[in-house]
Amino acid sequence: MDFSDSESEAQHETMDLDLPSSKIDNVVHGLVMLDVPSWYMNPTFKILFQARADYDSVAGASPLTMAPGLDDALAADSPPNMAFFRSLPGDTEGLYWGIYALVMEKEGCRPCLYIGSAGTKALSLTQQRETCHPPSQASGCTLRSSPLRTQASNLFLFLNNTELITPLPRLVESRFKKGFEIAHVGLLCWTPLPVPGLVPRVRARFLVLEAAFTILFHAAVAAITDYVSPRLDTVAAGSSGMEPPVLPSLLERSYPRESGCFSTPRQCVVVLSPNPYEELEVIAALRAARSAERALEASRRFRARKTAEDPEGYLAKCSARKQAWSEKNRDRVNSTASRVRAARKSEKKFSCDDCDVVLQSAHALEKHLETQNHRDCVAGITKSAPSKSAVSVAIIRANAKASGTHSDSDSDSDSHSDSDSDSDSDSDMCERPQSFLEGGIAQKTAVRTASSAMKRVRTLGVSAGDGI
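Numbering of the sequence shown is given in my numbering, commencing with residue 1 and proceeding in unit increments.
Please keep in mind that the hints were generated in silico from the structure rather than gathered at the bench.
Since the model is a prediction, treat every value here as computed from it, not as a measurement.
Where hints are given, some of them may not hold.
To be verified - Under the rule of at most 16 Å between Cα atoms (straight-line distance), these lysine to aspartate or glutamate pairs were calculated in the EDC-like manner:
| id | residue 1 | residue 2 |
| --- | --- | --- |
| 1 | Lys401 | Asp356 |
| 2 | Lys367 | Asp354 |
| 3 | Lys106 | Asp56 |
| 4 | Lys345 | Asp356 |
| 5 | Lys178 | Asp77 |
| 6 | Lys388 | Glu366 |
| 7 | Lys46 | Asp25 |
| 8 | Lys178 | Asp72 |
| 9 | Lys401 | Asp354 |
| 10 | Lys23 | Asp71 |
| 11 | Lys23 | Glu93 |
| 12 | Lys106 | Asp35 |
| 13 | Lys383 | Glu347 |
| 14 | Lys177 | Asp71 |
| 15 | Lys348 | Asp376 |
| 16 | Lys388 | Glu370 |
| 17 | Lys23 | Asp77 |
| 18 | Lys46 | Asp56 |
| 19 | Lys177 | Glu93 |
| 20 | Lys349 | Glu366 |
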């Protein structure tokens with residue numbers, strides 16, 4: 001489509017927005033529905049969000065958390081100043097997709113503003129986006145890619161970090177070459193990671209969100225397509241005091257290829273299936289299973305190679321690493337052990353019918369079968385009443401279990417005799433929390449000291465009587 005200079009004003013769309021009441025979702029949907037040439041906006045957006053109900057359903061499935069002060073900034077008559085962008089939060093807990101604002105500065109020049117989306121270029125939740133920015137040498141601020149936790153793709157935004165991951169956005173890289181540095185990066189809005197069935201539509205929404213914020217905050221450079229670019233009456237171009245480094249035609253970009261959706265930079269054909277949501281969920285599950293299998297195979301090959309090179313050294317290294325992790329994550333270790341112990345006991349796989357005891361492992365069962373308790377029970381010998389020491393140990397263990405700080409693996413079999421309680425307690429001391437060890441050791445030491453003292457007194461008394 002060819003536009004002459006006289007026709008440009010007629011083709012120039014104007015969005016009449018009531019930002020204080022309609023919020024950003026009205027801006028996004030209004031931007032998608034603008035009557036602009038097909039080469040300016042990827043047709044995918046109009047197909048996905050042709051009806052407002054379609055957009056609202058996607059927005060409801062991916063609710064936005066807005067940065068503090070963003071509503072007031074959108075409702076203002078002019079773009080916010082640089083202090084607002086420097087005050088944006090640099091991180092939020094959990095895995096998320098977000099729209100971030102990056103402020104770049106250079107002495108003697110106006111600051112630059114870059115609006116970007118985090119996570120939207122990943123083809124699936126099992127892939128990691130590696131689009132980040134180098135740190136500022138002055139402030140130490142940077143972006144870094146998040147670790148692959150639960151095989152989910154996401155980009156975390158952190159401050160005071162020095163990790164570098166490439167590639168860079170083209171116009172951001174050009175500013176670095178001109179001597180600009182990152183002064184601050186913060187989140188404008190974010191949402192939790194979408195489920196696989198909603199990834200394509202939520203991604204489309206975030207791409208339009210990125211374009212909307214770019215236009216609203218005047219973060220776009222001049223281009224020959226400006227005569228088609230939408231004009232927002234609520235924002236006065238050039239009044240923000242910033243030098244914008246990003247092209248305005250963000251909606252021209254190609255839509256990433258996904259199951260049921262194929263696109264090119266200029267045209268897109270959407271293949272509608274009866275159940276696209278279910279198909280994407282199945283594809284994501286199969287992809288995750290395949291990724292897990294490949295990771296397991298790679299791990300096995302690596303361990304086999306290292307074991308063949310140095311069996312003892314590699315085993316010692318793995319043991320030390322596992323021990324260090326266990327000491328650092330004692331709560332997680334105890335929680336996992338408690339769940340496994342409860343599951344094994346519910347299965348009743350390791351049980352002693354003679355003593356009517358259910359244990360959690362083969363080792364615990366073997367240990368129980370070697371005790372005097374078990375032998376007496378098999379022989380039909382009736383046990384005597386527990387001693388004070390056994391009662392004290394039982395009380396300590398019961399209190400520890402009730403507080404959740406420790407769960408003794410042999411508590412079910414230890415109530416038969418005080419001798420077994422003492423031996424099992426000593427064997428499990430290394431696994432107990434420090435607070436429990438101090439209290440248990442102190443009490444048991446006091447009981448044993450008193451018992452030894454009584455024996456010595458009795459011995460001395462007998463010896464003295466014999467002498468007299």
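Results for each hint:
no., hint, result
1, Lys401 to Asp356, "21 Å, violated"
2, Lys367 to Asp354, "15 Å, holds"
3, Lys106 to Asp56, "41 Å, violated"
4, Lys345 to Asp356, "13 Å, holds"
5, Lys178 to Asp77, "32 Å, violated"
6, Lys388 to Glu366, "27 Å, violated"
7, Lys46 to Asp25, "15 Å, holds"
8, Lys178 to Asp72, "33 Å, violated"
9, Lys401 to Asp354, "26 Å, violated"
10, Lys23 to Asp71, "7 Å, holds"
11, Lys23 to Glu93, "24 Å, violated"
12, Lys106 to Asp35, "38 Å, violated"
13, Lys383 to Glu347, "28 Å, violated"
14, Lys177 to Asp71, "34 Å, violated"
15, Lys348 to Asp376, "23 Å, violated"
16, Lys388 to Glu370, "24 Å, violated"
17, Lys23 to Asp77, "14 Å, holds"
18, Lys46 to Asp56, "14 Å, holds"
19, Lys177 to Glu93, "33 Å, violated"
20, Lys349 to Glu366, "13 Å, holds"
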